[in-house]
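Each chain, letter by letter, is given below.
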Amino acid sequence: MMLGTRTNFGWGRVVGLTILALAASVVPLPDAVELLRPDFVALTVLWFCLLSPRLLGLTYAWCAGLALDGFKGVLLGQHALTLTVIAYLASKLRLQVRAFPPLQQSAVILALLWLHEFLLFWLDGVAGHPVTDWRRWLSVPVSAACWPLITALYSRFASRR
Amino acid sequence: MSSHESDPRPLLLGGPALGLRLIVLAAMAAGLMVADHRQHQLAAIRDAIASLAYPIQRSISAPFEVWASIRESFATKTRVEADNVKLAADNLVLRLKLLRFDALEQENQRLRAMRESSPRVVQRSLVAEILQVDLDPFRQRVLVNKGTREGVFRGQAAIDANGIVGQVTRAGPVSAEIILISDPEHAIPVAVNRTGVRSIALGTGRSGLLSLPYLPQNADVIVGDLLVSSGLGGVYPPGYPVAKVTSVVRDPAQPLLAIEAAPLAGLDRDPEILLIWFDNAVVEPPAESELKADAAPQRPAPVPAPVASPAETPTEAPPDTGVDAPAGAAPSPQPPPPGNAP
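First to last, the sequence lines map onto chains A and B.
Once you know that position 65 of the first sequence is 65 in the working numbering, the rest is easy, because the numbers rise by one and skip nothing.
In the working numbering, each residue's number is its place in the second sequence (first place is 1) plus 1000.
Calculated from the structure, these hints are not laboratory results.
There's no promise every hint is true.
As the list claims (entries may be wrong) - Derived contacts from chain B toward chain A, CB cut-off under 8 Å, selection only:
id	residue
1	L1022
2	R1046
3	A1053
4	R1170
Keep in mind that this is a model prediction, so the values were computed, not measured.
Quick reminder that beta carbons are idealized off the backbone N, C-alpha and C, glycines included.
Use the sequences and the hints to build the structure in full.
Laid out in structure tokens, this is it:
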């Protein structure tokens, strides 16, 4: 019976969740909170690498990153690279992280997201259009704070039916 | 967590397989980035992703548009009446201007014919709707619902009723990305309408602010001056309003002025913009410098316009990501050295 519920998590749901995350990352927000927008795609990728009943790996992260690049109109491959890197680390740390209590999990997520943002910052600079505004780092703690919420939401979504 | 029992895949995707995959995927991503950045070869891939993304972006935008139209249709009678009064007044003013405009256009054509140059005016325009999606909070770019199918091309100028908005950086089949003049990577060649002093207005990343860092201390610029496009570089038609100077800081310790200007176009308010086609056949700099040389004796104290250090300009306007105009136009606003003048 366990088997039945697990295999239910098909590609349809994976694609659906990814599209939702992509959409959430470009939905218009008021200017005041725009800078606080959590990085939904990165959180989704991390969830699929850490906690999802259907574990996904680097290829998924790469594809999601490429889609995000196309969506936002930034340099193609930028998010593909950064998301693949954090997906790799998440896959490596999976067993430890799964055993952590929620708060500690959030701390790991914070570190991974910080690395993700740092890589993006660095790539922006290499590509010749650096964004040195300090507010770009605001989304990292906000995203990490959203982690418990995201996991609760996604695992409910995953175990439905 | 009992979820592993059913998962057919190995619990630890460890070892060389994982590391190898990381290296392969990272190399692929790096290759994509280089190809996209250096050669702009990935138009096909971009178009494919853009076409896939468009329906999703459209559906994100739709509820906001519906909400706006609902609010519009429930506007109170008094507001509509007030609008009506205002529009009638505006109409009267515009009609009066139009009366003069016909005569001026005639005269302008006659004068241009004498100078043997064709008039560079907007020939065709296309209304494009701005999609309500936030791209990147640190870049001033918007997405519109017209693409190459309607003839939109890269480098096309976009304006609204009040002034210049920006230019197309990427044209997909059904959508296009527009860089606003306030984007930090954008620079637009401008002229002060009052004096003819030419310079470059750079975006700052804030929608209400442009900066003009290349004017010398003795340049004749005051608060309230209108900046119009100078037409150099050929991307924007000349003479269209761009911004109004809001502050001029003369710090004697600095060689150049610190000038700020507010764009006239409603960059963060426009629901739609106009993409324009104009005849930019006559943009060769010699004609401009000739004009300058002709005009110089008539002005009592002509300010030797932008003495921006040529070394500085290219670094400030990086030749990058398809914003050809600023990069190409950057050096041209320098007046030719006196010896070269024809």
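Self-check item: Hint check, B/L1022 versus chain A [nearest Cβ-Cβ separation less than 8 Å]
Solution: With a closest approach of 4 Å, the B/L1022 hint holds.
Exercise. Let me know if the C-beta of B/R1046 comes in closer than 8 Å to any C-beta of chain A, holds or violated.
Key: Interface hint status for B/R1046: holds (7 Å vs cutoff 8 Å).
Quiz item: Given B/A1053 was flagged as interface, is its beta-carbon under 8 Å from a beta-carbon of chain A?
Solution: Result: holds, 5 Å to nearest chain A Cβ.
Exercise. Could you check if B/R1170 really has its C-beta closer than 8 Å to a C-beta on chain A?
Key: holds, 7 Å
In summary, the structure agrees with every hint in the numbered list given earlier.
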